[in-house]
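J.: Sequence:
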Amino acid sequence: MDRVYNIIMDRMNGSESIVAYTAVSAGVLSCYVGLKVYRRQQVKKKALKKREESRKAMQDLQRSVLAVDNGPTAARRKEILSLTLTQLTQQLRDGQLSAVQVLQAFQEKATAVNEELNCLTEPIPDALV
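Numbering (this note's numbering), first residue to last: 1 to 129.
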């Protein structure tokens with residue numbers, strides 16, 4: 001900025017240099033403000049896109065959980081959710097339960113309480129079975 005000021009001062013007399021310096025300063029300031037506004041718009045667009053992706057992922061999760069909601073499976077999921085940690089671990093080790101069954105049971109429970117608690121932020125698509 002000093003360099004620009006010195007160039008202007010060398011070429012113009014007193015009143016002209018003040019006008020020129022003011023014009024240059026106003027131009028620089030308007031560029032700075034314009035850049036700030038542009039960046040803010042970009043951040044808002046990015047946040048909106050991310051929110052939309054998250055909403056779509058939540059819908060996919062709910063569809064995935066509801067797709068396997070038949071009688072025996074629903075009863076089995078309730079049984080899994082009622083197990084203590086020790087019982088759950090033991091049944092997984094013994095092969096009575098699969099990791100997929102446990103995952104689906106807890107996914108269903110998480111989606112059920114999400115409306116009240118807003119506990120899910122973004123599901124992992126690879127975890128949908």
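A few of these clues could be false.
Below, simulated EDC-like cross-link-like pairs (lysine to aspartate or glutamate); rule was C-alpha separation at most 20 Å, straight line [stated by the list, open to error]:
#1 K49 x E122
#2 K109 x E79
#3 K44 x E116
#4 K56 x E116
#5 K44 x D60
#6 K50 x D94
#7 K56 x D126
#8 K36 x E53
#9 K46 x E115
#10 K50 x D126
#11 K109 x D94
#12 K56 x D94
#13 K45 x D126
#14 K36 x E52
#15 K56 x D2
#16 K56 x E115
Simulated restraints on C-beta separations [what the hints assert, rightly or not]:
#17 R76 x N118: 26 to 34 Å
#18 D94 x R40: 53 to 61 Å
#19 L29 x L66: 54 to 62 Å
Worth flagging that the hints you see were computed from the coordinates, not collected in a lab. Built from N, CA and C at the ideal position, the CB exists for glycine as well.
J.: Does each hint hold? Answer for all of them.
T.: Status of the hints after comparison with the structure:
1. K49 x E122: 13 Å, holds
2. K109 x E79: 12 Å, holds
3. K44 x E116: Distance of about 27 Å is beyond 20 Å: violated.
4. K56 x E116: Roughly 19 Å between the alpha carbons, so the hint for K56 and E116 holds.
5. K44 x D60: Distance ~24 Å between K44 and D60 Cα, so the pair is violated.
6. K50 x D94: 41 Å, violated
7. K56 x D126: 14 Å, holds
8. K36 x E53: Violated: K36 and E53 sit about 26 Å apart, past 20 Å.
9. K46 x E115: It is violated: about 25 Å lies between the C-alpha atoms, which goes past 20 Å.
10. K50 x D126: It holds: about 18 Å lies between the C-alpha atoms, which stays within 20 Å.
11. K109 x D94: Given that 20 Å is the threshold and the Cα spacing comes to 24 Å, the pair is violated.
12. K56 x D94: Violated, at about 37 Å.
13. K45 x D126: 26 Å, violated
14. K36 x E52: 24 Å, violated
15. K56 x D2: Between K56 and D2 the Cα gap is close to 53 Å, so the pair fails against 20 Å, i.e. violated.
16. K56 x E115: Within the cut-off at roughly 15 Å; holds.
17. R76 x N118: 26 to 34 Å: 27 Å, holds
18. D94 x R40: 53 to 61 Å: 57 Å, holds
19. L29 x L66: 54 to 62 Å: Hint holds: Cβ distance 56 Å, inside 54 to 62 Å.
Violated hints, listed in ascending order, are 3, 5, 6, 8, 9, 11, 12, 13, 14 and 15; each of the other numbered hints is respected by the structure.
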